Amino acid sequence: MTTRRQILQSAVAPMIVPSLVLGQRAGAIAPSDKITFGGIGIGSRGAHVLSKLLNVEQARFVAICDVRNSRRETIKSTVDQKYGDHGCQMYSDQYELLARQDIDAVLIATGDRWHTPLSIIAAQHGKDVYCEKPCSMSIEESWALGAAFRRYNRLYQAGCQRRNGANFQLCKELLKSGALGKLQALYANVGPSVNWPPLPSRDWLAAEELPPKQVLDWDRWLGPAPWRPYHSSYVTGGWRNFYDFHGGGILEWGSHTVDLCHWAADYDDTQPVEYEPVGTNVGPYQVNCRYANGVKLVMRDNAWDGALKTGSCSFRIEGDKGWVETGDATRIECSDNIRPLLRPTESAALALENHVKELVRCIKTRQATSASASAAANSHVTCHAAFIAYQRGKTLTWDTTKHEFTNDEIANRMRSRALREPWRV
Amino acid sequence: MQQPTQPAPAVPAAKPKPPEPPPEFQEGAIATMDAAGLLRIVSDAKSTEFQKAKSCVRLGELGAKEAIPVLASLLGDEHLSVYARYGLEPMADPSADDALRAALTKQKGVRLIGVINSIGKRRDAKAIPALVKFMHGPDVDLARAAASALGCIGGETSAKELQAALSKTTGTTRAAVADACLVCSERLLAEGKRDQALAFYAALSATDLPKPVRLAAMSGIIREETLSVKPR
Chain A
1 MTTRRQILQS AVAPMIVPSL VLGQRAGAIA PSDKITFGGI GIGSRGAHVL
51 SKLLNVEQAR FVAICDVRNS RRETIKSTVD QKYGDHGCQM YSDQYELLAR
101 QDIDAVLIAT GDRWHTPLSI IAAQHGKDVY CEKPCSMSIE ESWALGAAFR
151 RYNRLYQAGC QRRNGANFQL CKELLKSGAL GKLQALYANV GPSVNWPPLP
201 SRDWLAAEEL PPKQVLDWDR WLGPAPWRPY HSSYVTGGWR NFYDFHGGGI
251 LEWGSHTVDL CHWAADYDDT QPVEYEPVGT NVGPYQVNCR YANGVKLVMR
301 DNAWDGALKT GSCSFRIEGD KGWVETGDAT RIECSDNIRP LLRPTESAAL
351 ALENHVKELV RCIKTRQATS ASASAAANSH VTCHAAFIAY QRGKTLTWDT
401 TKHEFTNDEI ANRMRSRALR EPWRV
Chain B
1001 MQQPTQPAPA VPAAKPKPPE PPPEFQEGAI ATMDAAGLLR IVSDAKSTEF
1051 QKAKSCVRLG ELGAKEAIPV LASLLGDEHL SVYARYGLEP MADPSADDAL
1101 RAALTKQKGV RLIGVINSIG KRRDAKAIPA LVKFMHGPDV DLARAAASAL
1151 GCIGGETSAK ELQAALSKTT GTTRAAVADA CLVCSERLLA EGKRDQALAF
1201 YAALSATDLP KPVRLAAMSG IIREETLSVK PR
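In the order they appear, the protein sequences are chains A and B. Its first residue numbered 1, the first sequence is counted upward by one per residue in my numbering. Its first residue numbered 1001, the second sequence is counted upward by one per residue in my numbering.
Hint data in this document are derived by calculation from the structure and do not stem from the laboratory. Because the structure is a prediction, the values reported are computed rather than measured. One or more hints might be untrue.
To be verified - DSSO-like, lysine-lysine: derived pairs with alpha carbons at most 27 Å apart:
| # | chain 1 | residue 1 | chain 2 | residue 2 |
| --- | --- | --- | --- | --- |
| 1 | B | Lys-1108 | A | Lys-213 |
| 2 | B | Lys-1106 | B | Lys-1133 |
| 3 | A | Lys-357 | A | Lys-76 |
| 4 | B | Lys-1168 | B | Lys-1133 |
| 5 | B | Lys-1193 | A | Lys-364 |
| 6 | B | Lys-1160 | B | Lys-1193 |
| 7 | B | Lys-1017 | B | Lys-1046 |
| 8 | A | Lys-402 | B | Lys-1211 |
| 9 | A | Lys-357 | A | Lys-82 |
| 10 | B | Lys-1065 | B | Lys-1106 |
| 11 | A | Lys-394 | B | Lys-1065 |
| 12 | B | Lys-1211 | A | Lys-34 |
| 13 | A | Lys-402 | B | Lys-1133 |
| 14 | A | Lys-213 | A | Lys-76 |
| 15 | B | Lys-1017 | A | Lys-309 |
| 16 | A | Lys-182 | A | Lys-213 |
| 17 | A | Lys-213 | A | Lys-172 |
| 18 | A | Lys-172 | A | Lys-296 |
| 19 | A | Lys-82 | A | Lys-364 |
| 20 | A | Lys-321 | A | Lys-182 |
| 21 | B | Lys-1017 | B | Lys-1065 |
| 22 | B | Lys-1126 | B | Lys-1106 |
| 23 | B | Lys-1017 | A | Lys-402 |
| 24 | A | Lys-34 | A | Lys-357 |
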C-alpha cells in the first residue's frame, strides 16, 4: 500500500484505492494518513498532553524516548493499551527516535533545560514540535528557538493551551471588538510565590549514589545544564527549585499568563521596553513593565487563583472603557458595562484538547499554529527580562531592536547561560 | 448573559519543602562577593568544586576580565569546564577570545567541543582557520561542532569555507555543515549581502543534501524573494 509519505515524495500520481477495498471501516482514517508522533521525556504533564493526543483520530503515537526506563515502560504501556497492540517503540537516545523517517512530529515534555535544545534538534531532523512551557532557559535560547523554526519552516506549538480556551478567547474578542476601549494595561498572574518564588536556589543537594545507567542516565538527564552531583530529588520533580534547571516563578507562571497577555493584545512580535521589579523573594512580588506604546504589563503574584478567584493562570485586560479577567475556573469577571456582552463558554479544561487538535490540524494543512515558536520567543524573552530585572533589583530598560538592556551591563551578561558540553543551540 | 459558574480548580497545597542543601553546597556569601573575593576562591587550590563553580558564574556576570586566565585554566576540568565557560562567554574583553582560542590546542574530546561552542557563541572570526581544520578533521563530533561555530561566526570567510566543505564532507558532518550554511546565510542577509545569501541557499537546494536542509533553503529563497520591502 502506498503511504502518504510515498505519495508526497513521488512525482507520479498513485493509483487511488478505496479504503473499503483495503478492509477499513467506512470513514476511518488510513494509518498512512495519520500524523505520527514520538514523545521525548514524558512525565506527569506530558502524560496529560499525551492522553489528549491519543484521542485524536488523525494522530498516532509510535515511540517514546526517556532517560528513565520506568517512564519509557509506563508510556509504552499506556499507548499500547490505548491502541490494543505493541507498536510503541522505546528509546533512550533522542537521536534514534528523531532519525525515524516515519515520525512527523514530537511531543517534548522534558525538564525545562532540554526544551530549546531538543526542539531545535527536532527541527533540524525535519520534525514538527509540541513543546511544554517554559520553552526556554534564557533570552538567548528564546531567540534561537524562534530562529530555528523559521529557518527550517517547521511547525511549533508551545504548550500554551489557553490560547485555545473559549473563556480566554472571549476576553481577547472583547478587546479586539473595541468593547474594552483603548488598551491600557495587561495583568499576568505570576503567583503564587509560595510554590515557585521568583528566585530559585543556586545551591546543590548532597550527593547520592548514582543509580545504574540503564535505570537512569544522569549525564543525559542533566543534558545542557551545568554539572552537579546526583540527588534523587531532582529527577522526581525537585529540579524546579534550582536555578540551573529552572527560570524561577516569573517564568514558570509567566510562560502561561504573559503569553496570554501577548496573545490577547496581538503583541506576539514584541516585548516591553521597561521592567521595574517590586517586592522580595519571600512574599508577594510584582514586576511593572511598559511597552513602547505606553501600555502597561503587570506581572504580579496574585495567589493561586487570583484576587477575584478566577482560577489558576488568570490574566486581566484593562481598556479605557472596561475590563475583563478570567482564568482556569472558566468564569469571566468584568466591569458592569461588559457584562451584557458575555456569553456562555465551554470549560477552560477543554483548552488542552482543542490545542492538541489544532496542532494536528496545522500539521496536516501546514498552517501556522496559534502558539508558534516566534510567539513563544517574545513572551519568554519578556519573562526572562523581568526575571533578570528582579535579580538585579533595579528598573531595566530594553531595546527591542538590538535585543539588549540599555542601562545595565551585568543584566546583558545574564541574557544567556553556558550549555554543558557537547550541547549547543 | 450570565457566565456559567464552574468551581475553581482545587487549590493545591504549597509544595513540600525540598531537601535542605548541606552547608558545603550553599552559595551563601558567594552570591554577593566582589570580583577580588571570587577570584581568590577560584585561584585557591583548597576551594571546593562547588565554591569554584558558583564563583565562575558570578565572575561572568560581573564581567571581571582579570579572572579570564583563571577561568581558562578550568576549561579541561570534567565538572567545572561548563562553569568556566559560563564565566568566559559573556566577558566583553577580547582576551576571553584569546583564552578560548588558546584552549583549542590544549583541550580534547568533549571539553574541546565545549570550547568550540563558546567560540561560536562569541563569534570570534580569528578562530576561523583553526575551526576549518577541525571541520575537515577525522573526529566527527569535533567537525560538527566546528561547522556549527563557523555558521554562528558568519561572514564571507566562513561562508566560503562552509560552501567548500559541502562538497568535501560526508555523512553527519556534511549535515552539520549544511545546517551551518543555513545559519551563515541568515548572517549574510542580516549584513545586507542578499545576493550571496541567495546563492548560498541555491547551493543548499542540491538533491543530495538532507531533506530538512533542502526544504529550509527553499523556504529561505521563497521568503526572501517574496519580501515586498526588498524587491529583487
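Could you tell me which of the numbered hints above are not met by this structure, giving the numbers in increasing order? When the structure is compared with the hints, numbers 5, 7, 8, 13, 16, 17, 21, 23 turn out to be violated.
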